[in-house]
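4 protein chains.
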Amino acid sequence: MIIKMSVTATEEELSHVIERVKECGCDPHVSRGVEHIIIGAVGSPDKRNELEALRVARGVEDVIPITDPFKLVSRQYKVGRSIVKVGSVNIGDGAPVVIAGPCSIESRAQLLTTARAVRDAGANMLRGGAYKPRTSPYDFQGLGVEALQFLKIAREETGLPVVTEVMSTEDVEIVSEYADMLQVGARNMQNFSLLRRLAQSKRPILLKRGLSATIKEWLLAAEYLLMGGNSQVVLCERGIKTFETETRNTLDLSAVALAKELSHLPVIVDPSHATGRRSLVASVSRAAIAVGADGLIIEVHPEPERALSDGPQSLDLEGFSQLMDHLDEPLPKLARTVAVAA
Amino acid sequence: MIIKMSVTATEEELSHVIERVKECGCDPHVSRGVEHIIIGAVGSPDKRNELEALRVARGVEDVIPITDPFKLVSRQYKVGRSIVKVGSVNIGDGAPVVIAGPCSIESRAQLLTTARAVRDAGANMLRGGAYKPRTSPYDFQGLGVEALQFLKIAREETGLPVVTEVMSTEDVEIVSEYADMLQVGARNMQNFSLLRRLAQSKRPILLKRGLSATIKEWLLAAEYLLMGGNSQVVLCERGIKTFETETRNTLDLSAVALAKELSHLPVIVDPSHATGRRSLVASVSRAAIAVGADGLIIEVHPEPERALSDGPQSLDLEGFSQLMDHLDEPLPKLARTVAVAA
Amino acid sequence: MIIKMSVTATEEELSHVIERVKECGCDPHVSRGVEHIIIGAVGSPDKRNELEALRVARGVEDVIPITDPFKLVSRQYKVGRSIVKVGSVNIGDGAPVVIAGPCSIESRAQLLTTARAVRDAGANMLRGGAYKPRTSPYDFQGLGVEALQFLKIAREETGLPVVTEVMSTEDVEIVSEYADMLQVGARNMQNFSLLRRLAQSKRPILLKRGLSATIKEWLLAAEYLLMGGNSQVVLCERGIKTFETETRNTLDLSAVALAKELSHLPVIVDPSHATGRRSLVASVSRAAIAVGADGLIIEVHPEPERALSDGPQSLDLEGFSQLMDHLDEPLPKLARTVAVAA
Amino acid sequence: MIIKMSVTATEEELSHVIERVKECGCDPHVSRGVEHIIIGAVGSPDKRNELEALRVARGVEDVIPITDPFKLVSRQYKVGRSIVKVGSVNIGDGAPVVIAGPCSIESRAQLLTTARAVRDAGANMLRGGAYKPRTSPYDFQGLGVEALQFLKIAREETGLPVVTEVMSTEDVEIVSEYADMLQVGARNMQNFSLLRRLAQSKRPILLKRGLSATIKEWLLAAEYLLMGGNSQVVLCERGIKTFETETRNTLDLSAVALAKELSHLPVIVDPSHATGRRSLVASVSRAAIAVGADGLIIEVHPEPERALSDGPQSLDLEGFSQLMDHLDEPLPKLARTVAVAA
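Residue numbers (this note's numbering), protein chains in the order written: chain X, 2 to 343; chain V, 2 to 343; chain C, 2 to 343; chain S, 2 to 343.
Wrong hints could be hidden among the right ones.
If chains are identical, the list can't say which one is meant, so a pair holds when it fits in one copy or spans any two.
Using 27 Å as the maximum straight-line C-alpha spacing, the simulated DSS-like pairs for lysine-lysine come out as follows [to be verified]:
no., residue 1, residue 2
1, Lys23, Lys334
2, Lys334, Lys79
3, Lys48, Lys79
4, Lys153, Lys48
5, Lys153, Lys23
6, Lys23, Lys86
7, Lys23, Lys79
8, Lys48, Lys23
9, Lys79, Lys153
10, Lys86, Lys72
11, Lys86, Lys334
Hints were generated in silico from the structure; no laboratory data involved.
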């Protein structure tokens with residue numbers, strides 16, 4: 002922690018801060034610059050909060066943290082990459098996985114039709130919402146336990162492991178009975194009660210990035226899970242809120258590259274929510290693979306124009322099959338240099 | 002709902018859309034423009050989702066909602082302004098209220114000292130966190146039930162009604178035993194399980210705006226509460242996430258004015274979280290009153306530099322007292338026109 | 002400047018960085034912490050760029066600036082507050098000024114009618130656009146020199162000093178002939194060629210904050226003007242771009258308070274562009290005065306529904322007159338504490 | 002244009018609006034819904050502004066545009082894709098081009114060393130800044146004409162066409178003498194004077210997206226160029242401003258896909274400014290190619306740690322060569338479905 006004294010700080014104020022740094026169990030290193038006096042507080046990183054509060058001590062202009070607040074998710078803690086197993090599927094082993102299925106589970110037929118089609122097209126896992134977080138209370142809220150039962154049937158029929166969202170601590174048990182992987186939605190990324198409960202679960206967790214969460218806040222949400230005992234965590238970038246309204250959200254693929262630089266956890270991408278536009282899903286999916294994502298989670302519906310949620314961003318069965326083909330196409334060759342020195 | 006056909010739409014595609022509009026129980030009004038054909042879907046606003054899904058029907062370029070999705074919170078539904086009663090305090094009756102207290106309750110002494118001081122300075126209610134939503138799992142997470150007990154003592158001693166955050170459906174019952182008003186934090190604004198549970202509570206709710214929630218999303222979160230049976234809801238603007246990093250968040254006072262234009266619910270402002278800087282709290286508080294806010298919620302700590310959370314934005318007891326005086330000062334007089342026509 | 006070495010940095014890499022710090026004319030202060038080695042580079046703040054480039058030196062994890070990059074605009078440089086004179090009007094002397102007029106000057110009659118009305122209602126200065134920065138090339142681009150001539154006539158008739166936008170270095174001379182104050186629009190806040198040219202002007206400058214400019218970037222834009230010789234600068238907050246779309250921009254009143262804390266320059270507020278909604282202008286204007294703004298700049302049009310630009314946010318003549326009355330009303334009295342200790 | 006009347010609108014107000022729509026030369030189509038009356042204004046899209054101003058007519062709640070404001074840049078106007086020729090290089094013909102070079106031109110040696118190295122590694126064009134838009138007036142502002150002369154020498158030596166930024170209308174002529182392509186920087190995307198001047202230039206233009214420009218605002222800036230006579234325009238996505246601070250900006254690759262869906266113009270990507278981090282440039286560059294970008298523009302410096310600007314995001318010569326190899330690598334193969342139906 003670096004403490005920057007203001008230009009008008011008195012020696013007395015400086016002494017007080019030095020004293021407080023020592024009380025926090027840290028060693029104060031004082032540098033007197035041309036304009037500012039700087040105190041480096043060395044040691045005891047767990048005194049972070051107490052040191053940060055010195056921002057309001059008299060004579061202090063700023064307190065600047067210099068270490069990252071996350072530990073267990075970091076590559077300092079674990080050098081190699083984590084692989085998360087969901088049934089027979091490995092996420093993070095170098096071969097990107099594709100998770101596909103409807104936004105909401107609307108009926109047994111809808112789910113089974115979709116499940117078979119996505120499996121046939123090459124998907125590795127099935128997604129489908131039983132409990133839906135909806136902005137409006139007047140929107141379809143999901144079929145609940147009935148949908149979980151359909152998921153179980155679909156898994157039995159297709160062999161695909163299933164992932165579904167859990168919205169409340171109270172539902173963790175029932176959802177865990179039916180699902181192979183539990184999803185924390187973007188709106189719940191900082192629902193710390195839910196995170197603490199899921200930390201005790203034996204199920205792997207798919208942790209979506211919050212709508213306005215920084216990369217570090219996202220990693221700290223994962224830290225709650227690891228610290229509580231569950232290290233089977235997959236991160237999912239799904240677009241962030243920005244001023245741009247042409248796309249539903251703004252997909253942040255640099256965040257995928259950076260999350261993999263900072264953390265050993267696998268990172269996948271949700272191109273459906275990120276763009277909100279069916280026509281962009283395929284090209285953005287390719288970009289996600291190219292940037293190094295460990296997988297994709299894609300919304301597919303047999304009849305998007307009759308979907309009860311997220312129709313505009315859902316691929317139909319044929320569209321998903323084309324997407325899978327498209328993901329296998331090679332990148333275009335670069336233009337060759339035609340430059341000739343004079 | 003307005004459906005805009007693309008310039009290349011065929012008559013067949015148009016017929017299909019018209020058919021679907023009728024299936025949704027709406028009446029299609031077709032306008033043929035120079036470039037685009039427009040279909041107005043008139044009637045049955047509860048078919049919103051089904052109509053929106055037509056965005057992916059062939060030949061459709063866009064589907065544009067024209068009605069707001071919230072009802073019970075709107076001024077169409079209730080013309081007069083709602084007043085929310087918390088103990089003997091009325092929020093929304095024209096006289097702004099001040100809620101003050103520490104971010105976290107750290108000890109009985111800390112809370113009681115603060116409670117007495119803010120009461121003496123004129124505060125109407127006491128705030129204090131027992132369960133703290135913290136970005137990092139390594140940060141102080143609150144004293145829980147012990148803190149609730151201190152709150153009860155503080156209320157008995159000072160007579161001030163108390164508000165505290167509830168983070169989980171499981172805690173609603175215990176928190177309701179101790180607190181006069183339950184706060185939903187910004188990170189939980191779209192924790193729909195929690196909203197549904199609180200809709201059944203008899204306690205008034207303080208609903209903070211989410212970090213990246215639009216005004217309409219905020220009102221829809223309140224709609225969950227009203228629709229579920231609890232109309233004792235106070236909205237709280239506490240700053241939104243933007244690119245600006247000099248302040249902790251960006252306080253959106255236009256949103257206060259607009260929320261009051263769109264809804265009958267009272268709206269208060271949290272200048273502490275919005276700015277994250279003690280030096281800005283007083284001037285921003287005055288602005289909030291001037292824009293029409295029904296109250297303020299302000300962080301106060303006897304010794305901010307030793308606070309376990311949010312020290313940098315907390316006022317000390319003397320600072321709070323000065324703030325209260327400052328709120329009573331008149332606005333500066335405008336410059337007089339010195340213009341003289343030639 | 003603080004240089005943070007990575008945990009894996011070698012002694013050789015450390016030596017190299019220390020050497021480079023010395024080459025930059027700075028004194029390296031090394032603190033060895035538990036996890037990281039920190040080097041404070043003391044002295045020669047003008048080597049900022051060279052030191053920042055060390056971010057890519059081997060073994061360096063981060064380089065953290067600790068001094069603000071602006072000087073002449075800061076309160077360290079000038080302790081008292083600057084007052085900018087525009088004709089007989091003082092901006093920044095404690096009595097807020099009101100600048101009013103149409104977005105675009107559309108005709109002589111339109112401008113004169115507005116000018117007389119705003120003067121009669123108490124405005125101190127007249128605004129009006131001759132050159133309009135329009136997002137679309139198909140929108141009305143302003144009447145140019147003809148509009149400048151109307152401004153001159155309006156000033157002669159009403160005695161109000163006038164401010165108008167200059168969009169290009171080439172227009173600075175002609176606009177300076179007619180206007181008392183030159184406005185730099187939000188889209189040109191970082192048009193550095195224009196800033197350099199205006200630094201040589203003798204006219205006072207109204208510098209709008211860029212649509213996504215941080216407070217520090219805004220102050221650095223002003224620094225271009227002061228460094229080039231023009232210290233007659235008024236800052237204008239006019240809303241920033243955020244995810245919120247209900248208002249045209251998000252008014253950042255905390256930025257007004259902070260800009261006045263960091264700088265000696267006057268700061269005014271444009272509630273019209275900030276909100277884009279006529280109904281919010283009055284309450285937001287009061288908030289601006291309450292937060293400490295030195296003035297307001299407000300769009301007024303005799304017939305907003307026929308305005309060639311910005312009609313939705315323009316007040317009509319009657320509305321402006323009511324606004325001025327509203328600005329004189331006292332703040333509402335706070336609720337009195339009814340608390341009684343048990 | 003859709004005009005939505007408020008629920009409280011009177012018949013008289015409705016008649017007035019209908020009259021105004023006719024005055025604007027449009028045909029009013031009235032639909033009476035359950036809650037709202039809607040008027041479709043059909044015809045004469047050039048009356049956009051006048052119709053939008055009706056938002057403030059009595060009884061009107063909202064005015065909703067239904068056509069895009071850009072024309073010449075759209076795929077409705079030109080169905081095929083545009084190819085922009087810069088010397089012997091084709092941008093937009095399916096084979097992505099790579100433009101590389103230093104942020105600032107610092108010396109003849111620095112530029113020539115870089116130019117030869119990037120050519121040898123396969124770059125198609127050379128970039129380098131002569132006039133630098135710098136946030137702070139105290140930062141290196143570029144060598145100006147001297148740098149332009151170095152660019153000319155570098156082109157002669159390497160055969161690579163060169164692109165450089167022009168910041169002011171006054172510099173267009175001199176820069177055009179030396180450069181093959183003129184760049185409009187992000188901060189100047191809405192410098193309409195500059196756009197109008199460049200519309201008359203015979204040089205192709207590289208138009209960077211503004212820091213907070215929506216996709217539509219970006220296309221409208223290009224529309225200024227095409228409308229003025231210059232259709233040799235390449236769009237460049239370079240990251241937008243968001244709340245995320247770990248990366249310098251947030252790269253918006255969905256915008257690349259969408260810009261290509263909406264417009265016939267080529268679109269390239271600047272991964273250096275977008276991320277601001279050298280370590281992310283390679284993976285993000287691959288993603289850009291995968292999403293369909295027509296090229297990349299990358300900052301390369303022989304000695305980034307001594308760069309006078311943008312060192313942290315510049316690749317060194319070896320790093321650039323590795324990047325080019327990396328761009329040729331195939332995408333990873335997807336995980337194979339291991340699912341077996343029960």
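**Asked** For which of the previously enumerated hints does the structure constitute a violation, in increasing order of number?
**Response** Of the numbered hints, 1, 4, 5, 6, 7, 9 do not hold.
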